[in-house]
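> Turn these sequences into a full structure, and let the hints steer you where they fit.
Each protein sequence line maps, in turn, to chains A and B. Using the working numbering, the first residue of the first sequence is number 1, and each one after it goes up by one. Using the working numbering, the first residue of the second sequence is number 1001, and each one after it goes up by one.
Worth flagging that the hints you see were computed from the coordinates, not collected in a lab. Please note: incorrect hints may appear among the correct ones.
[Stated by the list, open to error] So the derived list for chain A, only partly shown, Cβ under 10 angstroms to chain B, looks like this: (1) Ser25; (2) Lys28; (3) Glu83; (4) His86; (5) Leu130; (6) Thr142; (7) Tyr147; (8) Leu150; (9) Leu211; (10) Ile269; (11) Val270; (12) Ile287.
[Unchecked claim] The list that follows gives simulated cross-link-like pairs (lysine-lysine, DSSO-like), each with its CA atoms no further than 30 angstroms apart: (13) Lys1012/B to Lys127/A; (14) Lys1182/B to Lys28/A; (15) Lys1101/B to Lys310/A; (16) Lys28/A to Lys1101/B; (17) Lys1012/B to Lys131/A; (18) Lys28/A to Lys310/A; (19) Lys1101/B to Lys1182/B.
From the three backbone atoms N, C-alpha and C, an ideal C-beta is built for every residue, glycine too.
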Amino acid sequence: MEANQAQAGYLAGKISLQASAAHLSMQKIRERIIEFAMFLCALSSIAITVGIVGILLTESWSFFKSVSIVDFLTDTQWTVLFENPHYGIMPLVAGTVVTSSVALLLALPVGTTIAIYLSEYANSRVKEVLKPILELLSAVPTVVFGYFALLFVTPILQKLLPELPGFNMLSAGVVIGIMIIPYVSSLSEDAMRAVPVTIREGSYAMGATRLQTALRVLFPSAFSGIASAYVLAFSRAVGETMVVAIAAGQQPNLTLNPMEGAATITAYIVQVSLGDLPHGSIAYQSIFAAGLTLMAMTLVFNIAGYLLRKRYREIY
Amino acid sequence: MTAAEKNNHRRKRLDSLFGILGLLATCVGLITLAALIVQLAADGAGRLTATFFTSFPSRFAGQAGILSAWVGTCLIMFVTALAAVPMGVAAGAYLEEYAPKNWLTGLIEINIANLAGVPSIVYGLMALGLFVYQLGLGQSILTAGLTLALLILPIVIVATRESIRAVPAGMREAALALGATKWQTTRDHVLPYSMGGILTGIIIALSRAIGETAPLITIGALTFIAFLPDAPVKPEFPFISFDWLMSPFTVMPIQMFNWVSRPQQEFHLNAAATGLVLMVMTLVMNGIAIYFRYRFRKRIKW
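This is how it looks when you write it as structure tokens:
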């Protein structure tokens, strides 16, 4: 009798052990499945890049089957939608270069000055308030900035420069410049704050003023981070679309004069997309070739930034 | 006065001068922001009536409204959030909690950093080639939502990673010591503790998506839509319909772009009113995000 009970108890124990072993291995499988699913999510970012590069390359490949790449780079006219089409990307590149140069000429000095001011001059209370408010500038929808450029900034500029046309690259560039100030100021300030406090104190102990510390000690020490901020600002300026589409006009124009109106690469893509182009037509493919040019421009700058950072990197 | 004293004097003066310059530079940003809001309010406030929100666009500026635009914006944001949030949080959690240190993880990290610099219009081109034509999703709300989801995915991933990194290792070790599995630790301890930062990141990402115009124009958003997408809830069986996902769409920034591109002044007023609505939405969302960040930073003391 007792032996039987012991036997039964033993059996029950064995069964529950087996059950919990099964439970454990089920749990292990579940853990594996979850981990794999999360891995796939992380991989999605690579898929985005592959998708972007793949689509741009394949559609541009079809484009370059009908347009020679030499014409694309050397022709001085971009008249894809005309009866006698020319496919020279240079006018669009010129527009992009002019608007983003104006923007960067404004944003880099002003943004860096703000960064130095916030990190060295402003007390922490003021900084806590100013930084988020400045960052709102980059949160404003770009189409609103376009409105602002066309209907507020251009009329003001026209009072100063009476011969300025209604659509011009100057006003678009100025507004883009203000828009990207927070990218420069916030990221540069972060980089300068990350410089070890002993280095800063060493400079002050030698009798340097705040300005001297900022320019001669912090700026070189934080250069790696500041360069990343500059590269990001450049990418934003080159890729900005709505401000130029609204305020700079949509006429391709091979000029380096910011007082004129001209289409940029992005403005052209918008202009074509607004019309109803048949899929597979050469005009349809041309926006991918334009997009590829845009990507190439940002890529060159990113690589230049990477090399600069590597050259001047300070490791503590 | 000795030369050294003179030099000292000069350095100090330059130092204070730069302080003033810094304040001026900061004011450039602040004044622009203020001018922007004042200009929009002055032009657009008069058009902000109830009928503006309940009317379709029209050839007559005075009768035009943003009904189809705000409905489109809401539906697209819903799709975007549904796609980007789970994917971004899972990816961020994987990279912080699970990922082994190998070349693939390194590649994913570099790639996410680089995606931040890709112009948004390029995402639009990718979506045009991939979603609209190769996958055959058409110029629909679904395509638009997925496009914006891809655009904000890096923001969500980075925010998730940053706030997970702030959770002390002791929290994980305590859970693991009690026999929790890795997933149980992540789900029940790490993610709840980092929810504040993740939520902040999600709100900021969505506020960016709301204002995006260029990628949606590229995938073929229409600028004039005088009907609403199919209703998602039906009175008859099966009560829920997904036809709206395939509907053509417009959104508020595109409606605004359309109006500002017209030469007539009256349409500019409509554009200003739409811009004002957009600005209020963006500012409110960013305000909530700043408040969250502030509150969670204050409340949690490890």
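> Could you run down the list of hints and mark each one as holding or not?
Do the hints match the structure? See the list:
no. : hint                   : result
1   : Ser25                  : 12 angstroms, violated
2   : Lys28                  : 8 angstroms, holds
3   : Glu83                  : 25 angstroms, violated
4   : His86                  : 22 angstroms, violated
5   : Leu130                 : 6 angstroms, holds
6   : Thr142                 : 7 angstroms, holds
7   : Tyr147                 : 5 angstroms, holds
8   : Leu150                 : 7 angstroms, holds
9   : Leu211                 : 5 angstroms, holds
10  : Ile269                 : 6 angstroms, holds
11  : Val270                 : 5 angstroms, holds
12  : Ile287                 : 7 angstroms, holds
13  : Lys1012/B to Lys127/A  : 23 angstroms, holds
14  : Lys1182/B to Lys28/A   : 10 angstroms, holds
15  : Lys1101/B to Lys310/A  : 22 angstroms, holds
16  : Lys28/A to Lys1101/B   : 22 angstroms, holds
17  : Lys1012/B to Lys131/A  : 26 angstroms, holds
18  : Lys28/A to Lys310/A    : 44 angstroms, violated
19  : Lys1101/B to Lys1182/B : 17 angstroms, holds
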